[in-house]
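Q: Sequence:
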Amino acid sequence: MIQSRKSPSNTHYPDLRSAFMLTLLAILATLFTGVLFIGLGPLVAFGVGQAIGVGAVATMAAQRVAQPQAERIGLRPLDLDAIPVILCLAPAILLASELDNYAADWSAAATEAPIEGDAVMKGNGGAEERADQADYYDSLVDSQFEFDEPADVEQEGFDSEAAGEGEENGMQVFGADDLWGLLQLAIVIVGIAPIVEEFFFRGVIQQGLVARMGMLRGVAFTALLSTLARPVNVSDPARFFAAAVAFFALGWVLGIVRIATRSVLGSMLLASTWAAAGVGSLALQGKMDLPGMNVEGTHLPWVVTAVSALLVGWAGWTLYQEALHGGSPRRDDLSGPPPPVVPLQPPGRPRS
1 MIQSRKSPSN
11 THYPDLRSAF
21 MLTLLAILAT
31 LFTGVLFIGL
41 GPLVAFGVGQ
51 AIGVGAVATM
61 AAQRVAQPQA
71 ERIGLRPLDL
81 DAIPVILCLA
91 PAILLASELD
101 NYAADWSAAA
111 TEAPIEGDAV
121 MKGNGGAEER
131 ADQADYYDSL
141 VDSQFEFDEP
151 ADVEQEGFDS
161 EAAGEGEENG
171 MQVFGADDLW
181 GLLQLAIVIV
191 GIAPIVEEFF
201 FRGVIQQGLV
211 ARMGMLRGVA
221 FTALLSTLAR
231 PVNVSDPARF
241 FAAAVAFFAL
251 GWVLGIVRIA
261 TRSVLGSMLL
271 ASTWAAAGVG
281 SLALQGKMDL
291 PGMNVEGTHL
301 PWVVTAVSAL
311 LVGWAGWTLY
321 QEALHGGSPR
331 RDDLSGPPPP
341 VVPLQPPGRP
351 RS
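1 is the number of the first residue of the sequence shown in the numbering used here; add one for each residue after it.
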């Protein structure tokens, strides 16, 4: 009998198309589950949506990963010697925040330039003319419609003083002294979202793409898919582009950490560290000013930016060199066979 042979690349799951469909399914499952639990609050709804939506899709997809599943996904202990190097990548979130600060400055300058140019062309007379037109239309509307007094709003339990303070401080997820809100935010953003997302993207999806497409392309496409699943501000083109670039770069770093350490726990640790830095800066807003992090219109001190860039560059290069060799084996694994070398290009393609 003639036995059919499967190509080695066909034994690796998922491929690029399957990974894209899994990402879309995870996004839809997260949104649908979050809507069902929206009555418990936005943070709880987001956390439950992440845990059930992304977690369920990741669990189902992991069942199709070839044996040994745990080894391929990276469910193995993290080498303690790799933790200091991984933590040296924590300042990458500061660099991402600084990129957003420059994008915000560019957007503000681009928005103010046409207004100032119009004022120069028309002079003060143009401003007075626009003010007169505004008063005319206001009086015209008032003569046609009758509006209730704002006092009726306060009778419904609306606190105008609290609203004014909220406008001055900007949008806040929780109050300055809301410890319960801070605890909820920390559990969801630091404890749930990074763990579930890294298991899905760097655990399930990346191993299949790397085996099929090579390390560089596999990590890049996994970072692109994880960027698509990130909520970003689409109303500001500059900040949208900056956020997309930052999320892609951070996802690429997480992918390299996953390969270099041979454990998905490494990328989970790094992602949780980044999330903790963001939650910490938000919790300190109004209590401690962190330029470039929780103060609008500011930038990081140049010393912090330079030191962060040096640390991230050194740690990234070190882990990249480890990833080129498939990751360093643990000391208790030295007696067994060496780990498989991660391909730098798709299998079957001749090396130049």
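No wet-lab data here; the hints were simulated from the structure. Note that this is a predicted model, so its numbers are computed, not measured. Please note that a few of the clues may not be correct.
What the hints assert, rightly or not - Computed beta-carbon distance windows for the label pairs:
hint	residue 1	residue 2	range
1	106	25	33 to 39 Å
2	21	324	28 to 34 Å
3	289	245	22 to 28 Å
4	297	318	32 to 38 Å
5	31	297	32 to 38 Å
6	288	81	32 to 38 Å
7	11	179	49 to 55 Å
8	324	40	42 to 48 Å
9	310	109	36 to 42 Å
10	71	32	28 to 34 Å
11	179	32	37 to 43 Å
12	32	288	36 to 42 Å
Each residue gets a CB set at the ideal place from its N, CA and C atoms; glycine is no exception.
Q: Look at the Cβ atoms of residue 32 and residue 288 and judge whether their distance stays inside 36 to 42 Å.
A: holds (39 Å)
Q: That 22 to 28 Å hint for residue 289 and residue 245 (C-beta), does it hold up?
A: holds (27 Å)
Q: Given the hint of 42 to 48 Å, check if residue 324 and residue 40 actually sit that far apart at their C-beta atoms.
A: holds (46 Å)
Q: Is 33 to 39 Å right for how far apart the beta carbons of residue 106 and residue 25 are?
A: This hint holds: roughly 36 Å between Cβ atoms.
Q: May I ask you to test the hint 49 to 55 Å on the CB atoms belonging to residue 11 and residue 179?
A: holds (51 Å)
Q: Does the beta carbon distance between residue 297 and residue 318 stay inside 32 to 38 Å, or does it fall outside?
A: holds (36 Å)
Q: Honestly, do residue 71 and residue 32 meet the 28 to 34 Å range at C-beta?
A: The hint (28 to 34 Å, Cβ to Cβ) holds, given that residue 71 and residue 32 are roughly 33 Å apart.
Q: Given a hint of 36 to 42 Å, does the C-beta separation of residue 310 and residue 109 actually sit inside it?
A: Given about 29 Å between the Cβ atoms, the range is violated.
Q: Take the C-beta atom of residue 288 and the C-beta atom of residue 81, compute their distance, and say whether it sits inside 32 to 38 Å.
A: holds (34 Å)
Q: At the C-beta level, are residue 179 and residue 32 separated by a distance inside 37 to 43 Å?
A: This hint is violated: roughly 31 Å between Cβ atoms.
Q: Taking the Cβ atom of residue 21 and the Cβ atom of residue 324, is their distance within the range 28 to 34 Å?
A: Since the Cβ atoms of residue 21 and residue 324 sit about 30 Å apart, the hinted range of 28 to 34 Å holds.
Q: Within 32 to 38 Å or not, the Cβ separation of residue 31 and residue 297?
A: Holds, since residue 31 and residue 297 (Cβ atoms, about 33 Å apart) stay within the stated range.
Hint compliance for this structure: hints 9 and 11 are broken, all remaining hints hold.
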